Amino acid sequence: MINIVLFGKPGAGKGTQAEFLKEKYSLTHLSTGDIFRFNIKNETELGLLAKTYMDKGDLVPDSVTIQMLQSEVEKNSQSRGFLFDGFPRTIAQAEALDAFLTSKNEEITATVALEADDEILVKRLLERGKTSGRPDDQDEEKIRNRYQEYNEKTAPLMSYYEAQGKFYAVNGIGSIEEITERLSTIIDKF
1 MINIVLFGKP GAGKGTQAEF LKEKYSLTHL STGDIFRFNI KNETELGLLA KTYMDKGDLV
61 PDSVTIQMLQ SEVEKNSQSR GFLFDGFPRT IAQAEALDAF LTSKNEEITA TVALEADDEI
121 LVKRLLERGK TSGRPDDQDE EKIRNRYQEY NEKTAPLMSY YEAQGKFYAV NGIGSIEEIT
181 ERLSTIIDKF
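Under my numbering, the sequence shown has 102 at position 102, and the numbering climbs by one with no breaks.
Rather than coming from a laboratory, the hints here were simulated on the basis of the structure. A quick note: this is a predicted structure, and the numbers were derived from the prediction, not measured. Hints are supplied without guarantee of correctness; some may be wrong.
Claimed, not checked - Distance ranges between label pairs, derived from CB positions:
(1) THR131 <-> ARG80: 29 to 39 angstroms
(2) GLU74 <-> ASP117: 37 to 47 angstroms
(3) PRO135 <-> ILE186: 13 to 23 angstroms
(4) GLU106 <-> PHE38: 21 to 31 angstroms
To be verified - With a cut-off of at most 20 angstroms between alpha-carbon atoms, the simulated SDA-like pairs for lysine to any residue come out as follows:
(5) LYS41 <-> LYS75
(6) LYS51 <-> VAL64
(7) LYS41 <-> SER79
(8) LYS153 <-> GLU177
Positions of the beta carbon are idealized from the N, C-alpha and C atoms, including for glycine.
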């Protein structure tokens, strides 16, 4: 089983690359954003719980996020592997994911970060914001705040996975095909 964590700042191309990678390697794509939306829309017990935090403007606690993710892994127990997108975002989440996978006699195979210069990504998101309708892609200050949060909370995960020998950085600038090829070069080793 191959279990990949895909990192990258907003606009780095995680969603686009996840689509190619899940097809190429027959992986189950687990996007925390999609999982949250599904649980809230379908008013599952965990979705309703998450919504109580979100309605107050609070972050959903790790325990709820992890339970949602575990439920998705359980639902897809026949999968050839998982592509984790948007999770983990903190060391605590990474440790919880490792513990959960260990309980299933599995582990993270590799973590791959799509790296790109902030200025290029800001331009990319502002351009995307013109067509996506997403308000958070139309305000440069909000974009830069998201990058600051990424640097503070998610970037330390790189050291966490480097210490396990499971971290790989990939240049996230270029054509979609070029970036997919760079990612494939790494994943093909496993």
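Going through the hints against the structure:
no.: 1; hint: THR131 <-> ARG80: 29 to 39 angstroms; verdict: holds, 34 angstroms
no.: 2; hint: GLU74 <-> ASP117: 37 to 47 angstroms; verdict: holds, 39 angstroms
no.: 3; hint: PRO135 <-> ILE186: 13 to 23 angstroms; verdict: violated, 34 angstroms
no.: 4; hint: GLU106 <-> PHE38: 21 to 31 angstroms; verdict: holds, 23 angstroms
no.: 5; hint: LYS41 <-> LYS75; verdict: holds, 18 angstroms
no.: 6; hint: LYS51 <-> VAL64; verdict: holds, 11 angstroms
no.: 7; hint: LYS41 <-> SER79; verdict: violated, 25 angstroms
no.: 8; hint: LYS153 <-> GLU177; verdict: violated, 29 angstroms
Of the numbered hints stated above, those contradicted by the structure are hints 3, 7 and 8, listed in ascending order.
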